[in-house]
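There are 2 protein chains.
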Amino acid sequence: MKKRTVVNLKSEELPRSWYNIKADLPFKMDPPLNPATNEVINPEDMMAIFPKSIVEQEMSEERFIPIPEPVLDEYAVFRPSPLIRATFLEEYLNTPARIYYKYEGNSPTGSHKTNTAIAQAYYNKTDGITELTTETGAGQWGSALSYAGRKFGLTVRVFMVRNSFQSKPMRQHMMRMFDGTVEPSPGENTESGRNFLKDRKNFSGSLGMAISEAIEIVLNSKTKKYSLGSVLDHVLLHQTVIGLEVEKQLEMLGEKPSSIIGCHGGGSNFGGTILPFVKRTFNGDDIEFIACEPESCPSLSKGEYRYDSGDSAGFTPLLKMYTLGREFVPPAIHAGGLRYHGAAPLISRLVKEGIVTPIAFPQEETFRAGLLFATTEGIIPAPESCHAIAGAVRKAIEARETGEEKVIVFTLSGNGALDLSSFTSTLEAHRDVLNFDKLRESSIVEQ
Amino acid sequence: MKKRTVVNLKSEELPRSWYNIKADLPFKMDPPLNPATNEVINPEDMMAIFPKSIVEQEMSEERFIPIPEPVLDEYAVFRPSPLIRATFLEEYLNTPARIYYKYEGNSPTGSHKTNTAIAQAYYNKTDGITELTTETGAGQWGSALSYAGRKFGLTVRVFMVRNSFQSKPMRQHMMRMFDGTVEPSPGENTESGRNFLKDRKNFSGSLGMAISEAIEIVLNSKTKKYSLGSVLDHVLLHQTVIGLEVEKQLEMLGEKPSSIIGCHGGGSNFGGTILPFVKRTFNGDDIEFIACEPESCPSLSKGEYRYDSGDSAGFTPLLKMYTLGREFVPPAIHAGGLRYHGAAPLISRLVKEGIVTPIAFPQEETFRAGLLFATTEGIIPAPESCHAIAGAVRKAIEARETGEEKVIVFTLSGNGALDLSSFTSTLEAHRDVLNFDKLRESSIVEQ
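In order, the protein sequences belong to chains A and B.
Using UniProt numbering, the first residue of the first sequence is number 1, and each one after it goes up by one.
Using UniProt numbering, the first residue of the second sequence is number 1, and each one after it goes up by one.
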């Protein structure tokens with residue numbers, strides 16, 4: 001019979017610290033600027049939005065930051081997460097490559113987002129905050145923060161990009177299940193929202209607009225703060241628990257990765273996966289890092305590298321990053337979590353330095369890869385995660401052509417059970433894709 | 001930090017045979033009868049509906065039936081499944097009991113149903129069948145069979161109970177994703193369906209009616225057969241892979257179960273879990289087996305033990321079972337998979353013999369237990385599975401009161417991601433339940 005290799009770490013092997021790559025970078029990051037003055041921002045300015053301990057963490061250059069015990073306790077509910085060899089996908093693709101995926105979709109709300117949600121809720125709680133506001137695209141982040149808020153007794157208010165609000169009612173149910181409140185963005189409840197709505201009614205929205213609405217509510221409040229699900233250094237820091245686990249798991253297998261792949265929206269799951277490995281390349285290791293983004297929102301591939309605001313209204317610090325412009329409104333694609341005009345400054349700089357390679361994928365290729373994955377590996381992936389699968393499939397086919405025994409590692413950031421209608425609406429437009437035998441022709445996967 | 005105990009078996013520890021309890025029963029089962037003649041049914045009669053190899057298996061008295069290699073290969077995609085100690089739930093309930101759950105929700109379609117779907121698709125394929133028809137309640141079975149059909153190249157046509165068809169569009173998406181077709185039952189496409197519809201328009205339907213429609217299509221066809229997701233001996237047989245794994249996992253822990261608990265609709269996940277343990281009680285072991293069913297469809301608790309038809313129109317063999325009557329139409333509750341008028345003959349007999357104890361739960365108690373489980377253990381359970389949790393919670397509270405270190409084992413048959421709206425509609429009617437602190441009062445859990 002066939003065998004499936006699953007590498008499970010024990011509870012006691014859960015990393016006790018997050019890894020802060022800023023301690024190891026051979027270059028200095030460009031600092032965030034105050035949007036009012038264009039000067040380097042100071043911690044006090046950031047505290048208008050974030051609690052003190054998060055601001056300190058954002059600015060820290062310590063190599064390892066201990067994970068607080070209450071956060072470890074909450075991680076223990078669903079971590080460590082498994083690293084799985086994609087035996088059935090490999091066989092299907094007839095590739096000499098060994099493909100491994102880190103699966104984050106078994107978390108309480110179905111994605112990697114809980115890793116930082118729990119940490120952020122904890123720090124806000126200890127800083128005396130009682131309410132968190134946030135934005136969400138596909139709803140993964142909003143549900144993760146609702147769950148974390150419930151765990152630590154915080155009220156959570158979520159501005160959900162209107163496009164997803166309408167197409168993903170189940171995600172709203174999940175937020176409400178964990179006592180979060182959710183409203184469509186742009187909406188009538190904030191000044192920013194009303195301004196965005198002026199031009200067009202029922203505007204499909206964007207992450208940048210939803211961020212503006214969520215920040216407007218908390219500006220200068222002592223008890224309400226804003227929580228961001230990606231982009232910033234502290235968010236990527238919390239997500240390094242993913243990559244640190246992968247390091248241990250690959251070591252247990254005696255494998256050295258050739259390519260590490262992730263989907264890229266704001267950069268949190270991608271950064272969390274690659275950062276612990278990036279430092280190895282400073283020491284001469286040859287690892288390829290591939291950021292998979294949608295062709296319709298290609299921040300890293302087509303954006304400009306410059307200072308820009310993280311939100312549409314211009315409330316956030318200015319960040320040096322690849323950006324399509326804060327006014328950019330991406331089309332209403334299914335991978336709502338990847339519809340962001342900018343990118344994490346850390347990832348942007350790694351792209352600029354030639355360490356990370358971005359690839360933009362057409363939506364259909366990602367759904368084909370996702371369907372192939374569901375049928376071979378038995379997990380229905382989130383539309384965002386389908387981008388990482390598409391990247392891995394391309395690399396595996398490349399390895400077949402060159403005959404090289406590459407070791408391909410990617411993070412499957414989330415489960416797609418709540419995104420099934422995205423699959424079927426795509427598939428119904430392309431019935432041939434449903435033909436499993438046809439799917440065997442790699443040309444269809446590669447398109 | 002807190003620890004989570006997860007017992008993972010290796011691929012090579014996957015059971016190689018299913019366990020057939022009929023070889024060990026100290027009594028003889030009452031045989032199925034031909035509905036036309038009321039005589040004991042012969043294999044040829046059953047072949048009007050099922051393929052030859054399934055009929056042989058249904059009638060087999062061999063103790064162990066080898067799992068065919070292609071079925072093992074497909075099992076390897078998602079099995080063995082984990083046994084998890086519910087550490088966080090235990091702590092919350094402040095119970096001296098140790099609670100373990102066998103989690104079947106990581107299967108490709110989110111429930112235990114794939115265990116038999118794959119086996120049935122395989123046997124039909126080897127017997128030359130090209131199309132399968134079936135019924136589905138909540139959609140778990142229909143999606144599992146669609147997935148299995150796709151794996152073995154069979155067409156799958158699903159009659160979905162109209163009540164669930166309307167309330168669970170995501171389940172339809174999943175069936176279509178795996179190339180199944182799905183239609184509401186009762187519907188206009190069969191004579192049975194048209195008859196059921198005569199009385200009332202948009203009748204909410206029942207599993208019994210959907211079975212009639214699915215069988216009508218295949219009667220006397222050489223290439224189309226019917227596939228049943230529960231009730232019959234061969235279905236329970238395939239599901240024993242669950243209990244056989246649990247046996248190994250408990251042995252690894254050195255634990256002896258005091259109570260084994262499962263939700264009960266037709267009896268497949270419950271039977272699959274308990275049957276390997278039932279034989280121990282014939283040898284004097286003291287294990288309590290608890291079947292958790294909904295108060296609104298209490299087949300085992302309130303039904304009569306007699307011969308009855310498995311479907312509403314009377315196509316199936318007559319089975320000796322607990323039944324509410326084949327005409328019984330349960331109210332439109334959320335746990336669609338438990339809305340069945342009858343029960344597996346094997347489980348029915350074990351109830352009759354006093355070996356299995358049925359308990360009927362009010363819907364709210366099950367959702368409260370499910371929400372508690374989601375918040376403590378980080379898995380959103382299917383509404384059906386919430387019944388098993390409710391059963392385990394009652395036993396754990398009982399153990400707290402008596403101070404006994406009981407070992408409570410239950411099967412969490414499925415993931416509830418696609419059933420979120422059921423949770424929120426219940427919770428919105430009872431906002432207090434969303435208060436996590438209030439949930440701490442056991443009185444609310446116990447109601």
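In case anyone wonders, no lab produced these hints; they're calculated from the structure.
Small disclaimer: the values here were computed from a predicted structure and weren't measured.
Worth double-checking, as some hints may not be accurate.
For lysine to any residue, the following SDA-like pairs were computed, each having C-alpha atoms within a straight-line distance of at most 20 angstroms [to be verified]:
(1) Lys10/A <-> Ser296/B
(2) Lys3/B <-> Ser11/A
(3) Lys2/A <-> Asp73/B
(4) Lys248/B <-> Val6/A
(5) Lys10/B <-> Val7/A
(6) Lys2/B <-> Leu9/A
(7) Lys10/A <-> Ser11/B
(8) Lys3/A <-> Lys248/B
(9) Lys10/B <-> Ile67/A
(10) Lys248/A <-> Thr87/B
(11) Lys10/A <-> Ile84/B
(12) Lys2/A <-> Met252/B
(13) Lys3/B <-> Phe78/A
(14) Lys10/B <-> Ile84/A
(15) Lys10/B <-> Lys406/A
(16) Lys3/B <-> Lys2/A
(17) Lys256/B <-> Thr87/B
(18) Lys10/B <-> Ser11/A
(19) Lys2/B <-> Glu13/A
(20) Lys10/B <-> Met1/A
(21) Lys2/A <-> Ser11/B
(22) Lys10/A <-> Phe282/B
(23) Lys2/B <-> Ser17/A
(24) Lys3/A <-> Lys3/B
(25) Lys2/B <-> Ile67/A
(26) Lys3/A <-> Ile67/B
(27) Lys2/A <-> Glu69/B
A short, non-exhaustive set of chain A residues, derived as facing chain B with CB atoms under 8 angstroms [unchecked claim]:
(28) Met1
(29) Lys2
(30) Val7
(31) Asn8
(32) Leu9
(33) Ser53
(34) Ile65
(35) Ala76
(36) Ser107
(37) Ser167
(38) Glu251
(39) Glu255
(40) Lys256
Glycine included, every Cβ here is placed at the ideal spot set by N, Cα and C.
Outcome of the hint check:
1. Between Lys10/A and Ser296/B the alpha-carbon distance is near 42 angstroms, which puts this suggested pair outside the 20 angstroms criterion.
2. Taking the CA atoms of Lys3/B and Ser11/A, the gap is about 6 angstroms. The hint holds against a cut of 20 angstroms.
3. Between the alpha carbons of Lys2/A and Asp73/B the distance comes to roughly 5 angstroms, so the proposed pair stays at or under 20 angstroms and holds.
4. With a CA separation close to 18 angstroms, the supplied pair Lys248/B and Val6/A stays within the 20 angstroms bound.
5. Straight-line distance between C-alpha atoms of Lys10/B and Val7/A comes to about 10 angstroms, which keeps the hinted pair within the 20 angstroms bound.
6. As the CA atoms of Lys2/B and Leu9/A are separated by approximately 15 angstroms, the hinted pair is consistent with the 20 angstroms bound.
7. Using a Cα cut-off of 20 angstroms, the hinted pair Lys10/A and Ser11/B holds, with the two alpha carbons roughly 18 angstroms apart.
8. With a CA separation close to 18 angstroms, the supplied pair Lys3/A and Lys248/B stays within the 20 angstroms bound.
9. With a C-alpha separation of about 31 angstroms, the suggested pair Lys10/B and Ile67/A falls outside the 20 angstroms cut-off, and the hint is violated.
10. Of the supplied pair hints, the one linking Lys248/A and Thr87/B is violated, its CA atoms being roughly 25 angstroms apart against a limit of 20 angstroms.
11. For the given pair, Lys10/A sits about 13 angstroms from Ile84/B by alpha-carbon distance, which is consistent with the 20 angstroms threshold.
12. The straight-line distance between the Cα atoms of Lys2/A and Met252/B is roughly 23 angstroms, outside the 20 angstroms bound, and the hint therefore fails.
13. Straight-line distance between C-alpha atoms of Lys3/B and Phe78/A comes to about 10 angstroms, which keeps the hinted pair within the 20 angstroms bound.
14. Between Lys10/B and Ile84/A the CA atoms are separated by roughly 13 angstroms; this keeps the pair inside 20 angstroms, and the hint holds.
15. A distance of roughly 25 angstroms separates the Cα atoms of Lys10/B and Lys406/A; the hinted pair therefore is violated under the 20 angstroms criterion.
16. For the hint linking Lys3/B to Lys2/A, the alpha-carbon distance of about 31 angstroms lies beyond 20 angstroms, and the restraint is violated.
17. With a C-alpha separation of about 17 angstroms, the suggested pair Lys256/B and Thr87/B falls inside the 20 angstroms cut-off, and the hint holds.
18. A distance of roughly 18 angstroms separates the Cα atoms of Lys10/B and Ser11/A; the hinted pair therefore holds under the 20 angstroms criterion.
19. For a cut-off of 20 angstroms, the pair hint linking Lys2/B to Glu13/A stands: about 12 angstroms separates their Cα positions.
20. At roughly 13 angstroms between alpha-carbon atoms, Lys10/B and Met1/A fall within 20 angstroms of each other, so this suggested pair holds.
21. Taking the CA atoms of Lys2/A and Ser11/B, the gap is about 8 angstroms. The hint holds against a cut of 20 angstroms.
22. For a cut-off of 20 angstroms, the pair hint linking Lys10/A to Phe282/B is broken: about 37 angstroms separates their Cα positions.
23. For a cut-off of 20 angstroms, the pair hint linking Lys2/B to Ser17/A stands: about 16 angstroms separates their Cα positions.
24. A hinted pair counts as satisfied when its Cα atoms are at most 20 angstroms apart, and Lys3/A with Lys3/B does not qualify at roughly 28 angstroms.
25. Using a Cα cut-off of 20 angstroms, the hinted pair Lys2/B and Ile67/A holds, with the two alpha carbons roughly 13 angstroms apart.
26. As the CA atoms of Lys3/A and Ile67/B are separated by approximately 15 angstroms, the hinted pair is consistent with the 20 angstroms bound.
27. Restraint check for Lys2/A and Glu69/B: satisfied, since their Cα atoms lie roughly 9 angstroms apart, inside the 20 angstroms limit.
28. The beta carbon of Met1/A is positioned within 8 angstroms of a beta carbon in chain B (closest approach about 4 angstroms), and the interface hint is therefore held.
29. Because the smallest distance between the Cβ of Lys2/A and any Cβ of chain B comes to about 4 angstroms, under 8 angstroms, the interface hint for this residue holds.
30. The interface hint given for Val7/A is violated, since its Cβ lies 10 angstroms from the closest Cβ of chain B, which is over the 8 angstroms cut-off.
31. Checking Asn8/A against chain B: minimum C-beta separation of about 5 angstroms stays under 8 angstroms; hint holds.
32. Among the interface hints, the one on Leu9/A is violated; its C-beta lies about 10 angstroms from the nearest C-beta in chain B, farther than the 8 angstroms criterion.
33. For the restraint placing Ser53/A at the interface with chain B, the shortest Cβ-Cβ distance is roughly 20 angstroms, beyond the 8 angstroms limit, so the hint is violated.
34. Violation of the interface hint for Ile65/A is found here, the shortest Cβ-Cβ separation to chain B being roughly 16 angstroms, above the 8 angstroms cut-off.
35. At about 4 angstroms, the closest approach between the beta carbon of Ala76/A and any beta carbon in chain B falls short of 8 angstroms, and the interface hint on this residue holds.
36. Residue-level restraint check for Ser107/A holds (minimum Cβ-Cβ distance to chain B is 7 angstroms; threshold 8 angstroms).
37. Here the hint on Ser167/A is broken, as its CB sits about 12 angstroms from the closest CB of chain B, past 8 angstroms.
38. For Glu251/A, the suggested interface contact is broken, since its CB lies about 19 angstroms from the closest CB of chain B, more than 8 angstroms.
39. Hint on Glu255/A is violated. Least Cβ distance to chain B is approximately 18 angstroms, over the 8 angstroms limit.
40. For Lys256/A, the interface hint is violated, since its Cβ never comes within 8 angstroms of a Cβ in chain B; the closest pair sits about 24 angstroms apart.
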